[in-house]
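There are 2 protein chains.
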Amino acid sequence: MRVLITGANGFIGRHLTLQLLTRAAISGRAINTLLLLDAHLEGFPPDSRIRLHKGSITDAALIRRVLADGVDVVFHLVSLPGGAAEQDYDVGYQVNLMASLELLDQLRRQPRPPVLVYASSVAVYGAQLPDRMGEDAPAHPQMSYGTHKLMVEMALRDLARRGEVDGRALRLPGIVARPRQPNGLRSAFMSDLLQAYAAGEAYICPVSAQATAWWMSAYCCVSNLIHAAELSSLLLDTERVWQLPVLRLSIEQVIDALATRFGEAGRARISFEPDADLQALFGAMPALKTPQARAAGFCHDGNAGALIRNALNLTAMRKTL
Amino acid sequence: MRVLITGANGFIGRHLTLQLLTRAAISGRAINTLLLLDAHLEGFPPDSRIRLHKGSITDAALIRRVLADGVDVVFHLVSLPGGAAEQDYDVGYQVNLMASLELLDQLRRQPRPPVLVYASSVAVYGAQLPDRMGEDAPAHPQMSYGTHKLMVEMALRDLARRGEVDGRALRLPGIVARPRQPNGLRSAFMSDLLQAYAAGEAYICPVSAQATAWWMSAYCCVSNLIHAAELSSLLLDTERVWQLPVLRLSIEQVIDALATRFGEAGRARISFEPDADLQALFGAMPALKTPQARAAGFCHDGNAGALIRNALNLTAMRKTL
Chain A
1 MRVLITGANG FIGRHLTLQL LTRAAISGRA INTLLLLDAH LEGFPPDSRI
51 RLHKGSITDA ALIRRVLADG VDVVFHLVSL PGGAAEQDYD VGYQVNLMAS
101 LELLDQLRRQ PRPPVLVYAS SVAVYGAQLP DRMGEDAPAH PQMSYGTHKL
151 MVEMALRDLA RRGEVDGRAL RLPGIVARPR QPNGLRSAFM SDLLQAYAAG
201 EAYICPVSAQ ATAWWMSAYC CVSNLIHAAE LSSLLLDTER VWQLPVLRLS
251 IEQVIDALAT RFGEAGRARI SFEPDADLQA LFGAMPALKT PQARAAGFCH
301 DGNAGALIRN ALNLTAMRKT L
Chain B
1 MRVLITGANG FIGRHLTLQL LTRAAISGRA INTLLLLDAH LEGFPPDSRI
51 RLHKGSITDA ALIRRVLADG VDVVFHLVSL PGGAAEQDYD VGYQVNLMAS
101 LELLDQLRRQ PRPPVLVYAS SVAVYGAQLP DRMGEDAPAH PQMSYGTHKL
151 MVEMALRDLA RRGEVDGRAL RLPGIVARPR QPNGLRSAFM SDLLQAYAAG
201 EAYICPVSAQ ATAWWMSAYC CVSNLIHAAE LSSLLLDTER VWQLPVLRLS
251 IEQVIDALAT RFGEAGRARI SFEPDADLQA LFGAMPALKT PQARAAGFCH
301 DGNAGALIRN ALNLTAMRKT L
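Protein sequence lines correspond, in order, to chains A and B. Mapped onto UniProt numbering, the consecutive letters of the first sequence carry residue numbers 1 to 321. Mapped onto UniProt numbering, the consecutive letters of the second sequence carry residue numbers 1 to 321.
It should be emphasised that the hints constitute simulated quantities derived from the structure, not laboratory data. Source: prediction; values computed, not measured. Beta carbons are placed, not taken as given, at the ideal position from N, Cα and C, and that holds for glycine. Careful, some of the hints might be misleading.
[Unchecked claim] Among chain A residues calculated to face chain B with C-beta under 7 Å, some are:
1. E102
2. P138
3. S144
4. T147
5. M154
[As the list claims (entries may be wrong)] Chain A is faced by these chain B residues, among others (derived, beta-carbon under 10 Å):
6. D90
7. V91
8. L97
9. M98
10. M133
11. D136
12. Q142
13. T147
14. V152
15. A155
16. R161
17. E164
18. Q195
Given only the sequences and the hints, what does the whole structure look like? Please build it.
Pasting the structure below:
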C-alpha cells in the first residue's frame with residue numbers, strides 16, 4: 001500500500017512518519033511506500049519505503065507527480081498555523097484552502113477512492129463556545145484559519161458522500177510538546193510551558209493559572225490519526241468529521257503534574273502575564289463531551305500525568321530522529 | 001457608481017437588471033455603469049449605462065477585465081443549479097465554488113471594499129430540517145450545490161470580518177415563476193405549476209397536494225437583493241448571512257390561489273404523481289421564523305394571492321423585455 005503524508009517535516013508529520021515505519025501496516029495491509037511531502041525534508045531515517053518529495057503543497061503539478069503511481073491513504077497535515085494565516089492571509093488562503101481543495105480534486109480522480117485523513121482544528125468553533133460543549137456544537141470560526149479548515153471539512157464530506165474520496169476529518173486541540181521555536185501557532189505557549197518546566201527554565205505564562213485549555217500529546221494525536229485511517233465503514237456512514245476527545249486542564253493542573261514529575265522547585269520559576277486575546281482564544285475552553293468519538297475508538301491522553309509523559313517522551317524521541 | 005451583475009442573463013438577473021435601471025440608484029448613489037456578465041447576453045434594452053461582458057464566470061482574466069475600472073456593488077447570482085451541479089460535479093465545482101472564490105479574491109484586491117450581495121440558497125440546510133425552524137438552524141447540506149454555497153458564505157463572512165469585502169449573503173427559497181424550459185433546477189416544478197395553471201394547461205405535479213414548500217416571487221427576491229445592498233452597517237456588524245423570510249405554502253394552498261385568480265376549472269387539469277426524492281427535498285419544508293431578517297427589512301410576498309400576482313406579472317414583464 002502507498003501512503004502519503006503532507007507536511008511530513010512538521011511536528012506531527014515527523015512523529016506520524018516514525019510511527020508508520022514502526023507499525024509497517026494500516027488496516028493490516030503492509031506499507032510498501034511512504035511518500036513524504038513538505039517544503040523541507042531533513043533527518044528522516046534511511047528506509048527503502050520512504051520517497052521524499054520536496055516542494056510546496058500549493059504546486060499542483062508536484063501533487064500530480066506525487067500521486068502519479070497511485071495512493072491508498074493520505075494524511076493531509078500541512079497547514080499554515082492560525083496566527084500566521086491571520087497575518088499573511090494570502091499564504092494561508094493558498095496553503096490551507098486552495099491547496100487542500102486541489103488535493104481533494106486530484107484524489108477524486110484516482111481510480112479507487114483513497115482514504116484521506118485530514119487534520120482539522122478546534123479553531124472551527126470560534127471563540128464563543130457553549131459552557132458545556134458536545135460534538136454537535138455549531139462551528140462559527142472567527143479567524144481565516146478556522147474558516148478555511150471548516151470549508152475543507154465540508155468539501156471532504158461532500159466527496160465522501162459522492163463515494164469519490166474516503167475522507168475522515170479530525171478536529172485537533174492544542175498538540176504538545178512542540179519544539180520551542182517560532183511557528184506561527186498562537187497556542188505555542190502550551191508547549192513552551194512544558195518544555196521550560198522540564199528544562200528547569202523560567203517561563204512567563206501568557207494566560208492565567210486558572211485558564212483552561214484542551215490538551216493532547218503528539219503521541220496520542222498520531223494514534224488518533226492512524227485510528228482514523230482504519231475506521232470501519234459502518235461508523236463512516238454516519239459521520240466523517242470527528243471532534244477528538246480532549247483533556248481539559250487548567251494551567252494550574254498542568255503545573256501540578258509537571259511539579260510531580262520534575263520537582264516542586266520549578267513552580268517558583270513560572271510567572272503569569274495574561275494576554276487578553278490568548279486567554280479568550282485558548283484559555284477559556286469549556287468541558288467537552290465526545291461520546292461518539294470515544295465510542296468510535298478515539299482517545300485522549302487519560303490524565304495530566306500521562307499527557308506530560310507522552311508529550312515529553314516524544315520530544316526526547318524527536319531529538320534522536 | 002459602478003454595479004456588476006453576474007448571471008445577468010438568468011431569470012433573477014434579468015429582473016434585477018430592469019429594476020436597477022428603473023431605480024437608477026443604490027443607497028441614494030446614481031448607477032452610472034451597469035456591468036452585465038454572463039455566458040449569453042441577449043435582449044437587454046438599449047441603455048447607455050449598460051456594459052455587456054459575454055463569457056464564463058470561470059474565466060479569471062475576464063473577471064479582471066470586468067473589474068479593471070473598479071466596482072462599487074456586485075450582485076453575484078450566477079450558479080449551476082442543484083440538480084445540474086449534482087449530475088455534472090466538475091462544472092458545479094468550477095462555477096459554484098471556484099469561480100466564486102476567485103471573484104471574492106479579486107474583490108478583496110479592490111482599492112475600497114466593494115459591497116457584494118451573494119445569492120445563496122436554502123439548499124445549505126440539507127433535507128433534515130427541524131419541525132419548527134429558526135434563523136439559527138444548522139446547515140447540513142446534502143448535495144454538492146448546497147455544500148459549495150455554504151463554503152462561499154463562509155469565505156464571504158471571513159473577508160467581511162477582515163474588512164476586505166463588504167459581503168451580504170441571502171439564502172433564497174424557490175423563486176417563481178421561471179420560464180418553462182429545462183434549467184437543471186430540481187425545484188422547477190414550483191414554477192411549472194404556476195405557468196401551466198395560468199396558461200390553462202394540464203399539469204402533473206411531482207409532489208403531493210399536501211407537500212409544503214417555501215415560495216418567493218422573483219419580484220420579491222429582487223427587492224430583497226437590492227435591500228441587501230443597502231443594508232446599514234449596524235446590522236452587518238452582527239450578521240452577514242441572512243435567511244430570507246419565506247411563504248410556506250402547501251401545493252393545495254397555491255392551487256386555491258391560482259383557482260381564485262384563473263378560475264376553478266383549472267383544478268381538474270392538475271394531477272399528482274409524487275416523486276419521493278422531490279417530495280423529501282422540496283415538499284416537506286417546515287414552518288420557518290425569521291424575526292431578525294424581518295427586523296432587518298427583508299420580506300416575503302405576503303400571501304399566496306400576492307405571490308401569484310407578483311410571480312406572473314413579472315413573467316409577463318419578462319416577455320416584453
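**Numbers of the earlier hints that this structure fails to satisfy, in rising order** = 1, 7, 10 and 18
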